[in-house]
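**Q** Using the sequences and the hints, build the whole thing.
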Amino acid sequence: MALIMGMDIGSGTSKSVIVRDGKPVAYHLLPSGVDYRAVAQKLREESLAKAGISASDIADTIATGHGAGNVAFSGHQASDILCCARGITSIFPSVRTIIDVQRTFTQVIRLNAAGHVINFIINEKCATGSGCFLDIISHVLQIDLKDAGPLSLGSDNPVVFTTGCAVFGESEAISRVSEGASREDILAGVHQALASKISTLVERVGLEMDCAMSGGGALNVGLVESVEKKLGFKLLVPEQPQFINAIGAAMMAENGVKAGVSLPEPGSTKIT
Amino acid sequence: MSEEKKKKKAMNRLKSMYPLRANIDQAYERSVEATKAGKPTAWSMVNWWEADPILKAMDIEIVYPENFGAVCAAMGKAQKYLDRADAEGFPTHMCGYARNGIGYTAEMTELGHIPPDAPMGGMPKPILLLASGALCDARIKWFQSLGRYLDAPVWAVELPHPGVEESQLPGVREKSIQFMVKELKELVSFLERLTGRKMDWAKLEEIADDLIEINRIWYEINEFRKVRPCPMHSRDFWSCMNASLYPAGDTKVSLKLYRDMYDEVKDRAANKIGAVENEKYRMVFGELPPWHALKIFDDLAERGWNFVVESWAYHAPKPIDYSKISDPLERIATQTYQWLTGYFPDALKEKEYMGYFAYPYLEWARTYQCDGGLFHPLLTCRTATNHLVLAQDRLLNKLHVPSLVAEGDIVDLKLFDYADTMRKAVVLEEMMDHYKQVRQEKGFEW
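Chains as they are written, first to last, in the working numbering: chain S, 1080 to 1351; chain L, 45 to 490.
One thing to keep in mind: the hints can contain errors.
SDA-like, lysine to any residue: derived pairs with alpha carbons at most 25 Å apart [to be verified]:
no.: 1; chain 1: L; residue 1: Lys486; chain 2: S; residue 2: Gly1194
no.: 2; chain 1: S; residue 1: Lys1276; chain 2: L; residue 2: Lys486
no.: 3; chain 1: L; residue 1: Lys442; chain 2: S; residue 2: His1195
no.: 4; chain 1: L; residue 1: Lys296; chain 2: L; residue 2: Glu321
no.: 5; chain 1: L; residue 1: Lys458; chain 2: S; residue 2: Asn1149
no.: 6; chain 1: L; residue 1: Lys480; chain 2: S; residue 2: Asn1191
no.: 7; chain 1: L; residue 1: Lys486; chain 2: S; residue 2: His1195
These are calculated hints, taken from the structure and not from any lab test.
**A** Okay, structure coming up:
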C-alpha cells in the first residue's frame, strides 16, 4: 500500500502524519505562524526528510484544520470533525464521544458504532473551554504552556474562577496573583473552569461511553484530570493527541485511494 | 465542461420567478417616479398584510427598507451603509437591515437626494414611516431613528402577540381581531389627515381580496414542494416571497404572475422535475438566509441538497374561509391573525408548548419529509434566533432530523463564515445518513 500524508494546519501548530496501511509511520509538528501556505510547504518537506522518502512516494495528501485551504499541493480538504472521528476510532474503536480541545475551540463529537458522526457541538465563538484560555493564563503566570498541567497537580487549594470568560479570566488571574495565590492553585482553578465548560458541551450533545479526549488540550495532564473529575470517569487519551486530526485526514485519504475514488486536482477546494 | 457551468446546472430555477421578481424590483423605480411627480411614498416594514393594503388603497407608493437591506447585501453594496451607520454611532450588534437603512438614510440626508450609486435606484424620501409591532420591537426604534433623519412622521400599527396557550381561550381571537381593526381604522384616519385624501373603500375591498387570493395561491405553490423531487428551491421562494409578504408590486400583476408560477410548479411536480438535480437531501432552512452569500445554496445544490421549505414566518397563512367577513378591514386583520395563530391548534394537540415560532418546523419537517436542517441564527436579532435552538432539539429528538447551525447576519457578511459552514455541511451529511437509517428503523415514512 502506498504512503499517504494527512496534514492539520491549525491556528497554533501544524501537524503532519504519514501513514501506510492505516498505521502512522512518521509524525511532524511546526508552529503555524501567520503564513499557512509557507508552513504547509515546510511541514511537507521536513516530514518527507524525516521519513526518508520523496514527494513521489506519497500517493495522496489531504488537509484539514483552520488553514487547510492554504495547502496548495493537497487535492482536497476534509472537515476537522470528520478527521477527528476517523483519527480517534483508528486508535480506540469503542469510542462514542470525543472531547477535542484545540487552541481556538473545543468540540464534542458523538459517534455511532460505525464511527460515523451523529452529532457535534463547538464553542467556537468563545475562548472559554479552549486551549487559548490556557495560553493566556500561562502568559500571565510566565510559565511554559507545557508545564501548566504538571504544575497544577501540585495544587491543594484551587482558585475558584468566578467567570467562564477568557478575557475576564485573565483579569481575575492577575488579581489572584497579586493576592498571593500560588501558580499551582491558579492553574488548577483554570483547569476546573475549563472542565466545567467542557462538561456542559458533553451534556448538551449527550454522553455515550467510551469517551476520549484529543487535541493539544489532552497533552495537559491537569486538564485531563479535571475533566475526569468533573465527568466522573476515566478518559481514553491517545499517545499523541495533538496528531489525531492529521491521522484522521490520512485515514480518509487512504480509504479514498483504496476505494479507487478519483481525486481532484491539487489546488482545488473540493471538500471531502 | 467547466466547474462554473456545472454549478449553474445544479439548481434549476423557476422560469416564472424572473418576471415576479422584476415586478417586486419595479417598486423602487415606481416610488422614485411617484415622488418626482409629487405623489406620496411611504417606507414600510413587513407587517404581514395588516397595514400595507390601506396605503395601496390610498395610492401611496411603498418601499421596504428591510427588502432594500437584502437587495444591498445580495448586490454587495451594503458595506458602505453599514460603515456609515457605525460612524453615526449605532452599535454593530444591531439588526443588519436597520444598520443598512440608517446608513443609507444618513447618506441621503447629507446629500439632499438619493445616493447616485444606490441599488435599484434607491428609496426616495418618504412622507411617512409605517412601523409594525409584529414580532420585533427593535424595528419600531429603528423607524423612530429614521424619522429623525427624514423629518417624517412614524406611525406604528400594533397587533396582539398570541404566542401563548391562553390565546386559545374563548373570546381571545375575536377580541384580538377587534383590536387590530381598531388599529387599522386609526391608521386610515391618520393617513386621511396626512395626505388630504379620502380612503377608497371599494379599492381596499379589491386589494384585500387580491391579497387573500395571492396568499392562497402562494400557499398552494408551496404545497407542491412536498413531492419528490421538490420542484422549487428556497432560492425561488425568497426571490418571490415579497410580492406576497410585503406586498411589493402591483397586486393584480402579482396575482397573475403567481398563477403562472403555480402552473409551472404544478407541471414540474407532475413530471418529477426537481429544483436540484439528483436530490439527495431534502432540507429545511431556518430563518432568513445570508443574503450576501446566496452562492452557498449553489454549492450545496452541487452536493444534492434541495431546500424544500423554510421559516414559516415568511410563508402565507394556512387558507381559511374569509367569504363571510364583509368588512375589508376585518378580512385583513383576520388574515394577519391567521398567519400568527394558524399552527397553534396542531401544536397544542401535539402538546408542543413552544410558542408559534418553533412548532411549524416540526410539522414541516414531517410533511415535507426533510432529511436535515440548516439554521441561520442571526447574531443581531434575538427574535429570529431564540427559537432555533429549541427547533433544532425538537427536530432531532422527536423526528430524528439533525441540523446544522451556521450563525451570521442577513446583511453583514463579516458575521458569516462561508468556508466553515461548507466544512460542517459535510459532517451534517454523515449525520443525515445515520438518522435516515434511524427513522427507517423506527418506522417513520421517510
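**Q** For every hint, state whether the structure bears it out.
**A** Results of checking the hints against the structure:
1. Between the alpha carbons of Lys486(L) and Gly1194(S) the distance comes to roughly 21 Å, so the proposed pair stays at or under 25 Å and holds.
2. Pair hint Lys1276(S) plus Lys486(L) does not hold up; C-alpha atoms about 34 Å apart against a cutoff of 25 Å.
3. Distance restraint check for Lys442(L) and His1195(S): the Cα-Cα separation of roughly 21 Å lies within the 25 Å cut-off, and the hinted pair is therefore satisfied.
4. A hinted pair counts as satisfied when its Cα atoms are at most 25 Å apart, and Lys296(L) with Glu321(L) does not qualify at roughly 34 Å.
5. Annotation: proposed proximity of Lys458(L) to Asn1149(S) holds, straight-line Cα distance about 20 Å (limit 25 Å).
6. Only pairs whose Cα atoms come within 25 Å are accepted, and Lys480(L) paired with Asn1191(S) is accepted, the gap being roughly 13 Å.
7. Only pairs whose Cα atoms come within 25 Å are accepted, and Lys486(L) paired with His1195(S) is accepted, the gap being roughly 19 Å.
Comparing the model with each numbered hint stated earlier shows that hints 2 and 4 do not hold.
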